[in-house]
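**Q** For the protein sequence lines, the chains are A and B, in the order given. For the first sequence, counting from 1, position 142 maps to 162 in the working numbering; every step adds exactly one. For the second sequence, counting from 1, position 30 maps to 49 in the working numbering; every step adds exactly one.
One should not assume that every hint holds.
Which stretches of chain B does chain A cover? Using the computed rule of at least three CB atoms under 8 Å from a CB of chain A, they are [stated by the list, open to error]: (1) 26-32; (2) 36-43; (3) 80-86; (4) 92-100.
Label-pair ranges, simulated between beta-carbon atoms [to be verified]: (5) A:96 <-> B:40: 19 to 29 Å; (6) B:70 <-> A:173: 44 to 54 Å; (7) B:79 <-> A:148: 13 to 23 Å; (8) A:75 <-> B:131: 47 to 57 Å; (9) B:93 <-> A:146: 18 to 28 Å; (10) A:144 <-> B:99: 28 to 38 Å.
Here are the computed lysine-lysine pairs in the DSS-like style, where the Cα-Cα straight-line distance is at most 25 Å [claimed, not checked]: (11) B:133 <-> A:206; (12) A:78 <-> B:39; (13) A:200 <-> B:133; (14) B:78 <-> A:57; (15) B:62 <-> B:78; (16) A:117 <-> B:100; (17) A:200 <-> B:100; (18) A:117 <-> B:22; (19) B:100 <-> A:206; (20) B:39 <-> B:100.
For the record, the hints were derived by calculation from the structure and aren't laboratory data. Every residue gets a Cβ at the ideal spot worked out from N, C-alpha and C, and that includes glycine.
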Amino acid sequence: MGINNFLGAIRLLISSEVFLLSLVMGSFLLGIYMYRKTGITLLQPLLISMLIIISFLKLTGIDYATFYNNTRILNFMLGPSVVALGYVLYEQIEFVKGNVVSILTAIFSGSIVGIISVVFIARWLGADKILIASLAPKSVTTPIAISLAQKSGGIPALTATFVVICGIFGGIIGPLVLRKLGIKSKIASGLAMGTASHALGTARAMEMGAIEGAVSGLAIGIMGIMTALLIPFAERFLY
Amino acid sequence: MIKGSFYILIFYFLGELFSKIIHNFIPGSVLGMILLFLALFFKLLRPDNVREVATAITKNMAVFFVPAAVGLMVYAGVLAKNLIAIVIAIGGSTVLIMVTVSLIQERFEKHKTKQNGDK
Numbered sequence: 021m022g023i024n025n026f027l028g029a030i031r032l033l034i035s036s037e038v039f040l041l042s043l044v045m046g047s048f049l050l051g052i053y054m055y056r057k058t059g060i061t062l063l064q065p066l067l068i069s070m071l072i073i074i075s076f077l078k079l080t081g082i083d084y085a086t087f088y089n090n091t092r093i094l095n096f097m098l099g100p101s102v103v104a105l106g107y108v109l110y111e112q113i114e115f116v117k118g119n120v121v122s123i124l125t126a127i128f129s130g131s132i133v134g135i136i137s138v139v140f141i142a143r144w145l146g147a148d149k150i151l152i153a154s155l156a157p158k159s160v161t162t163p164i165a166i167s168l169a170q171k172s173g174g175i176p177a178l179t180a181t182f183v184v185i186c187g188i189f190g191g192i193i194g195p196l197v198l199r200k201l202g203i204k205s206k207i208a209s210g211l212a213m214g215t216a217s218h219a220l221g222t223a224r225a226m227e228m229g230a231i232e233g234a235v236s237g238l239a240i241g242i243m244g245i246m247t248a249l250l251i252p253f254a255e256r257f258l259y
Numbered sequence: 020m021i022k023g024s025f026y027i028l029i030f031y032f033l034g035e036l037f038s039k040i041i042h043n044f045i046p047g048s049v050l051g052m053i054l055l056f057l058a059l060f061f062k063l064l065r066p067d068n069v070r071e072v073a074t075a076i077t078k079n080m081a082v083f084f085v086p087a088a089v090g091l092m093v094y095a096g097v098l099a100k101n102l103i104a105i106v107i108a109i110g111g112s113t114v115l116i117m118v119t120v121s122l123i124q125e126r127f128e129k130h131k132t133k134q135n136g137d138k
């Protein structure tokens, strides 16, 4: 076997499904490890994994389409995982009892304020339509945000990044904002974290307390639903 | 495991079906989530049927985002060109959401305790 054949075989191997899926899992695992070891919020496993894989693809010259095609199974799993959130929502339902109206009102208002503010600030700073459509669902959990971006003319990859930026920012700034506002209610604190910053906000809310964490988790699901309902209108009237 | 996967996929399918009926106004996965929640809430489906699978996939959800997130390599230029607008828009909006949500919820709670106190 000549050296060129050998290199060709290696090339085929490193762009195969089994290798690329191993790379995703391996880089993510490394991300989890780094995040846990350092405790730095910025070192999200998703970000680390993304950077490792992008570097690898750039280095080897494998294009994104090949990577995406051979890891399709993971992308498919986004759908079922959104559906499974219905169960998570059901589990947290006891925290809603007696607070249904206030929780729904608060999250609904948060969703409207979130979409309108991000759209107008971005537009004011010169963002184009595609970028705005990618930004609008940024406060929602990633799988919902990605499908919303796809549907309204945004770019899912950008949305995925914005969701992570939003989560990291909210996780850091959230407790400060709540303190400045003098919020004492545990439900209000949890709601604010989950509505504004989805799972990363919830991770921080869990550090604040069990009730805050659970309410924040609940807010992720409801915020997802409300934003899914509102985005089509925003798309028609705001973009 | 099989049972749970079956129920979740079937609810996903029903969600997709409804989504088609309303011309993709809302993504099928979101409708599937609502349908699954309603089925559990109205006791049409026992939670044990989906607990194992639902917990496993939602706990490890972040890894499913990787293929989409890596797509950023194609759009790095767009991101770099609009970085300031993006950061300000996301930061400003996030703070506004937190202020809105926490103040509304706390007002409601204060109102309620006041009412109870009046009785």
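**Q** Decide, hint by hint, whether the structure agrees.
**A** Hint check results:
Interface restraint, the stretch 26-32 of chain B with chain A: holds (4 residues with C-beta to C-beta distance below 8 Å; minimum three). Counting residues of the stretch 36-43 of chain B whose beta-carbon sits less than 8 Å from any beta-carbon of chain A gives 1, not enough to reach three: the coverage restraint is violated. Residues of the stretch 80-86 of chain B lying with their CB closer than 8 Å to a CB of chain A number 7, which satisfies the three-residue condition for coverage. Restraint check on the stretch 92-100 of chain B versus chain A: 5 residues with Cβ-Cβ distances below 8 Å, three needed, restraint holds.
Separation of residue 96 of chain A from residue 40 of chain B is about 22 Å and conforms to the stated range, judged on CB atoms against 19 to 29 Å. Between residue 70 of chain B and residue 173 of chain A the Cβ separation comes to about 37 Å, which falls outside the hinted range of 44 to 54 Å. Taking 13 to 23 Å as the suggested C-beta distance range, the pair residue 79 of chain B and residue 148 of chain A does not conform, at roughly 35 Å. Distance hint for residue 75 of chain A and residue 131 of chain B: a CB-CB separation of about 54 Å, consistent with the stated range 47 to 57 Å.
For residue 93 of chain B and residue 146 of chain A, the hinted distance range of 18 to 28 Å is satisfied, since their beta carbons lie about 22 Å from each other. Against the hinted window of 28 to 38 Å, the Cβ-Cβ separation of residue 144 of chain A and residue 99 of chain B comes to about 20 Å, which falls outside the hint. A hinted pair counts as satisfied when its Cα atoms are at most 25 Å apart, and residue 133 of chain B with residue 206 of chain A qualifies at roughly 18 Å. Restraint check for residue 78 of chain A and residue 39 of chain B: not satisfied, since their Cα atoms lie roughly 38 Å apart, outside the 25 Å limit.
Taking the CA atoms of residue 200 of chain A and residue 133 of chain B, the gap is about 24 Å. The hint holds against a cut of 25 Å. Taking the CA atoms of residue 78 of chain B and residue 57 of chain A, the gap is about 20 Å. The hint holds against a cut of 25 Å. Taken as a hint, the residue 62 of chain B and residue 78 of chain B pair is honoured in the structure, with Cα atoms around 24 Å apart against an allowance of 25 Å. Taken as a hint, the residue 117 of chain A and residue 100 of chain B pair is broken in the structure, with Cα atoms around 47 Å apart against an allowance of 25 Å.
The suggested pairing of residue 200 of chain A with residue 100 of chain B is violated, with an alpha-carbon distance near 33 Å, which exceeds 25 Å. Of the pairs offered as hints, the one joining residue 117 of chain A and residue 22 of chain B is violated, with about 30 Å between alpha carbons and a cut-off of 25 Å exceeded. Between residue 100 of chain B and residue 206 of chain A, the direct Cα distance comes to roughly 40 Å. Violation of the 25 Å bound is thereby established for this hinted pair. For a cut-off of 25 Å, the pair hint linking residue 39 of chain B to residue 100 of chain B is broken: about 36 Å separates their Cα positions.
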